[in-house]
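Residue numbers (this note's numbering), protein chains in the order written: chain A, 1 to 297; chain B, 1 to 297; chain C, 1 to 297; chain D, 1 to 297.
These aren't lab readings, by the way, just hints derived from the structure by calculation.
What you are looking at is a predicted structure, and each value in this text was computed from that prediction instead of being measured.
Errors might be hidden in some of the hints.
To be clear about the criterion: a stretch of chain C counts as covered by chain A if any three or more of its residues have a C-beta under 8 Å from a C-beta of chain A, and this derived list gives those stretches [claimed, not checked]:
{"#": "1", "stretch": "8 to 17"}
{"#": "2", "stretch": "117 to 125"}
{"#": "3", "stretch": "252 to 265"}
Once the Cα atoms are required to be at most 27 Å apart in a straight line, the calculated BS3-like pairs of lysine-lysine come out as [as the list claims (entries may be wrong)]:
{"#": "4", "chain 1": "B", "residue 1": "69", "chain 2": "A", "residue 2": "245"}
{"#": "5", "chain 1": "B", "residue 1": "245", "chain 2": "A", "residue 2": "69"}
{"#": "6", "chain 1": "B", "residue 1": "245", "chain 2": "C", "residue 2": "245"}
{"#": "7", "chain 1": "C", "residue 1": "163", "chain 2": "A", "residue 2": "69"}
{"#": "8", "chain 1": "D", "residue 1": "163", "chain 2": "C", "residue 2": "69"}
{"#": "9", "chain 1": "B", "residue 1": "69", "chain 2": "D", "residue 2": "69"}
We put the beta carbon where it would ideally sit given N, CA and C, even for glycine.
Read off the chains here:
Number of protein chains: 4
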Amino acid sequence: MGIVLGPNQYGKAECRVVRIVRDQPRHELRDVNVSTCLWGDFDAAHVAGDQSRVLPTDTQKNTCYAYAKEHGIDQVEEYALVLGRHFVDDVESVAGARVEVEEYLWDRVVVDGREHDYSWTRRGDAVRTAAVTVIGDAVWVVSGLHDLVLLKSTGSEFAGFLKDQYTTLEETHDRVLATSLTARWRWDGTGHDWGAAYSGIRQILVERFADVHSRALQQTLWEMGRAVLEAYGAVAEIRLSAPNKHHFVYDLARFGLDNPGEVFHADDRPYGLIQAAATRDGGSDPGPAWELSTGFA
Amino acid sequence: MGIVLGPNQYGKAECRVVRIVRDQPRHELRDVNVSTCLWGDFDAAHVAGDQSRVLPTDTQKNTCYAYAKEHGIDQVEEYALVLGRHFVDDVESVAGARVEVEEYLWDRVVVDGREHDYSWTRRGDAVRTAAVTVIGDAVWVVSGLHDLVLLKSTGSEFAGFLKDQYTTLEETHDRVLATSLTARWRWDGTGHDWGAAYSGIRQILVERFADVHSRALQQTLWEMGRAVLEAYGAVAEIRLSAPNKHHFVYDLARFGLDNPGEVFHADDRPYGLIQAAATRDGGSDPGPAWELSTGFA
Amino acid sequence: MGIVLGPNQYGKAECRVVRIVRDQPRHELRDVNVSTCLWGDFDAAHVAGDQSRVLPTDTQKNTCYAYAKEHGIDQVEEYALVLGRHFVDDVESVAGARVEVEEYLWDRVVVDGREHDYSWTRRGDAVRTAAVTVIGDAVWVVSGLHDLVLLKSTGSEFAGFLKDQYTTLEETHDRVLATSLTARWRWDGTGHDWGAAYSGIRQILVERFADVHSRALQQTLWEMGRAVLEAYGAVAEIRLSAPNKHHFVYDLARFGLDNPGEVFHADDRPYGLIQAAATRDGGSDPGPAWELSTGFA
Amino acid sequence: MGIVLGPNQYGKAECRVVRIVRDQPRHELRDVNVSTCLWGDFDAAHVAGDQSRVLPTDTQKNTCYAYAKEHGIDQVEEYALVLGRHFVDDVESVAGARVEVEEYLWDRVVVDGREHDYSWTRRGDAVRTAAVTVIGDAVWVVSGLHDLVLLKSTGSEFAGFLKDQYTTLEETHDRVLATSLTARWRWDGTGHDWGAAYSGIRQILVERFADVHSRALQQTLWEMGRAVLEAYGAVAEIRLSAPNKHHFVYDLARFGLDNPGEVFHADDRPYGLIQAAATRDGGSDPGPAWELSTGFA
């Protein structure tokens with residue numbers, strides 16, 4: 001068995017592009033972190049050190065900034081689409097491209113009840129994401145968010161679980177449930193109202209977390225995901241990844257104090273990690289839409 | 001010159017205490033990170049290994065959790081005060097104590113226009129802080145915040161500065177100004193309406209950042225600090241620390257594009273670090289109020 | 001198209017297990033971070049909230065600690081194998097398991113030229129990893145490392161690359177090349193001398209980085225990977241992920257100083273991200289060996 | 001009481017300067033993170049927005065890179081000294097300066113038993129530091145290290161401590177002791193053999209940690225500090241800051257297993273934080289040597 005070059009890809013990671021729209025007195029702000037990743041006919045670059053087909057990652061970076069001017073960054077999905085399409089269409093050696101974008105959201109400053117024209121505070125409650133994969137004429141768009149930190153102080157239980165010789169956990173019918181949610185939803189087709197959908201899906205996720213009486217984080221995730229698919233017919237699949245950020249009831253009985261779910265220690269590690277998807281029976285081909293550049297090696 | 005024990009202190013750092021108030025259907029949530037630090041008659045522990053006067057850091061931890069039940073955590077300043085007072089008054093070997101608290105703020109989930117009784121999303125726009133120092137009968141309270149990220153897309157200039165042989169920076173009369181603000185304000189006395197003051201001072205800082213035409217970050221900080229002292233007579237001094245998070249205009253002329261302040265690269269390092277205080281002429285003695293446990297060694 | 005449960009998995013992440021072997025005066029230390037991930041017949045847990053087939057993540061945590069006593073942690077691959085095999089064989093509802101381990105390496109303290117029996121300093125130059133996947137009777141073992149930071153101050157060039165309208169990078173025949181390497185190698189079969197192979201492969205990677213004249217990071221990675229496959233016949237494939245940590249020559253000509261590759265600015269972001277594999281023509285089926293729990297959603 | 005400008009300072013933080021010495025085939029590498037901080041006659045910059053006395057932080061950055069060429073970075077203390085002296089002597093408005101440097105240490109790659117001329121792996125076991133304060137003609141030099149992670153698996157106890165109503169910790173005569181040490185030592189005068197002293201002091205700290213039977217971390221720190229002062233007469237004072245990184249014996253009795261100090265959970269938070277200094281009776285004036293720019297606000 002000879003030794004051969006296996007899967008390979010390359011790009012520029014974490015370009016911190018900030019775009020101001022300032023043709024009106026009321027400015028607009030887009031603050032993104034964009035990463036590109038290309039694959040194709042790059043064997044010679046690896047095996048022979050021949051760079052003649054390699055578009056430098058520095059050029060990819062320049063393109064991200066230039067496209068922020070030429071095409072704007074109104075919706076991160078559209079920005080990623082034009083970048084991905086460009087690399088595949090305009091660079092002969094490129095067979096496929098993935099463009100991933102994180103968007104940091106900002107709130108306009110309010111002074112004396114009026115929104116300020118050109119000042120913002122950075123919101124910290126979730127990062128909006130888009131990951132676009134382009135291969136030849138095909139394209140997959142996955143929108144999402146991460147670091148949406150949620151907590152409910154009741155309405156959560158965990159009981160009736162499987163027990164073996166290493167099980168010591170006590171059943172509970174009232175606990176704190178907390179997570180830092182990552183959600184990614186895959187679209188059928190393009191041209192959707194990305195921004196409205198982002199807000200709508202974020203709200204569904206939060207509402208379902210709050211309103212579903214949880215018998216386990218698995219069940220909560222399923223109800224969140226199902227509700228999104230019910231509300232958005234163009235969403236083909238949604239994947240949710242949720243660390244179970246454990247809050248342990250602190251033992252105060254040792255000090256003569258009772259503690260009926262009032263004082264907790266929020267632990268860092270280890271944490272449960274619950275991951276589940278809701279999809280459609282007989283739905284569209286996901287292709288490589290879910291693959292992440294960070295998951296390669 | 002003989003070798004002697006120098007300054008020393010010890011405590012438990014980063015107790016992650018979460019307190020739920022649940023005697024009503026509408027729960028309340030306090031989420032804090034509390035650190036204790038004690039000093040006093042502890043020479044024997046160092047020099048002779050004699051622990052008989054040492055209150056274990058494990059006990060200090062237990063006390064933080066027990067006091068969350070016994071005294072609650074309505075305002076972080078009050079919680080830190082009762083903890084600090086306890087260590088100094090009730091432990092004979094303790095001469096002084098500092099208790100530092102970070103509070104993570106949460107927004108109540110809204111479902112169908114109604115605030116949810118027991119579900120929250122974690123806000124990410126700033127962490128509220130309190131640092132209380134107790135020595136004998138004296139006490140100093142310093143309130144504050146950190147990670148308040150601010151950006152204005154115009155209304156900022158930097159020109160007329162000193163130039164030497166290493167100066168290459170071009171003067172500008174229109175730039176992006178961005179920072180991640182740390183603010184700490186020292187109170188005269190105690191018993192203030194801590195929560196209302198926190199909201200009010202945060203708002204003043206944000207408004208002044210937005211409204212002051214900035215000729216330098218130094219000037220902006222001074223105007224922010226001065227406005228807080230003018231509005232809150234019980235605030236003796238305010239200290240502001242502001243990294244200048246540089247946004248560089250990206251050179252698009254190389255691609256035949258103009259860039260009149262529209263596309264920027266947000267750089268990570270290095271950053272300017274501007275620090276300034278506003279205080280009162282002939283004001284109260286700050287004592288050791290500003291000293292931080294993290295600044296010891 | 002009905003809405004159905006899609007892929008799902010769950011486990012306990014980041015159990016910080018430390019194992020001391022102390023039956024001799026000279027102790028041994030193993031310091032690991034272990035994560036478990038299970039999948040199988042868990043539809044009812046999601047859809048109906050029925051936990052009767054769910055082994056709690058708390059139990060998985062207990063098992064990691066108990067197995068550290070019962071089986072030891074001599075080699076992280078063996079430790080992961082017995083854990084993975086246990087979950088699949090002993091828990092009826094589990095179809096597959098992945099166990100991932102990071103090992104933090106320590107150097108024994110040397111006092112007066114003699115190795116100390118029970119004191120260590122933590123080495124920081126790379127973290128050793130193992131990822132074991134068990135499905136029914138099949139098993140895949142992937143060993144590796146991450147955070148191996150490498151730099152060469154010459155012997156690296158980048159020239160002859162593709163240029164388009166966004167290309168401004170100048171060609172260079174002498175540059176600093178630096179990366180923080182992640183490497184993962186998939187084994188055929190089990191029972192290998194894991195520890196010796198780890199040391200040997202780490203050394204090959206470092207030597208190839210140093211000795212290969214680099215015409216691009218792609219070429220360097222290929223030469224590193226190829227050399228590993230040549231030396232270790234039981235390694236089926238190796239995947240390398242390498243951020244190109246850019247070191248920019250600082251422009252000192254503005255101050256009347258020349259700078260022939262002597263003073264650099266080490267930039268944080270963006271960075272190139274180069275990823276490549278060396279594999280065997282007609283080699284073994286990788287199955288799901290490369291899939292990472294963190295890459296799920 | 002009028003509102004006045006209080007303490008203020010400014011500078012450029014975290015310049016990532018890499019210096020290659022390449023006039024011989026065997027290159028040398030210095031990899032540092034340097035921060036500058038100036039104070040003096042800057043009232044007008046704050047109060048009136050007048051920048052005419054302000055040396056831009058961009059200029060300070062340029063100076064750090066230019067001095068790496070002009071003066072080299074053989075020893076970080078000398079590099080910081082020439083920078084600090086320059087700002088105070090050559091910029092009229094500057095009364096004082098602090099220059100702080102972190103140095104990341106690298107090991108030369110060894111190929112076939114020979115050290116490579118121009119390739120390194122980054123060592124991770126501690127970061128070397130220097131902090132120089134210059135005021136007029138006076139100067140203070142503080143050398144140090146941080147992130148030196150130490151663990152001993154026996155030879156440590158904690159017993160005989162003070163108990164109150166919140167004490168639940170059990171006494172132990174055999175425990176794991178682990179910390180991530182920060183040490184900073186203040187010199188009398190300048191012109192010392194900085195590099196040899198760094199290696200020597202690091203070795204003393206490690207040896208004392210290993211060899212002293214610990215009755216508490218306080219005692220261990222004192223013995224470490226005392227030994228440094230005994231060995232280095234020019235060291236005026238040493239300050240040690242040591243998080244007690246708790247390793248808890250895991251309760252395996254629940255699974256029918258005994259655990260005589262063999263399996264531990266390494267916890268993240270909270271941690272003890274023990275800080276102590278060894279100094280000389282009647283020693284030199286520390287001035288503002290210990291003050292850190294990061295401890296300002």
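Hints, verified against the model:
no., hint, result
1, 8 to 17, "holds (count 9)"
2, 117 to 125, "violated (count 0)"
3, 252 to 265, "violated (count 0)"
4, B/69 / A/245, "holds (22 Å)"
5, B/245 / A/69, "holds (22 Å)"
6, B/245 / C/245, "holds (21 Å)"
7, C/163 / A/69, "holds (21 Å)"
8, D/163 / C/69, "violated (33 Å)"
9, B/69 / D/69, "violated (60 Å)"
Hints 2, 3, 8 and 9 from the earlier list are contradicted by this structure; the remaining hints agree with it.
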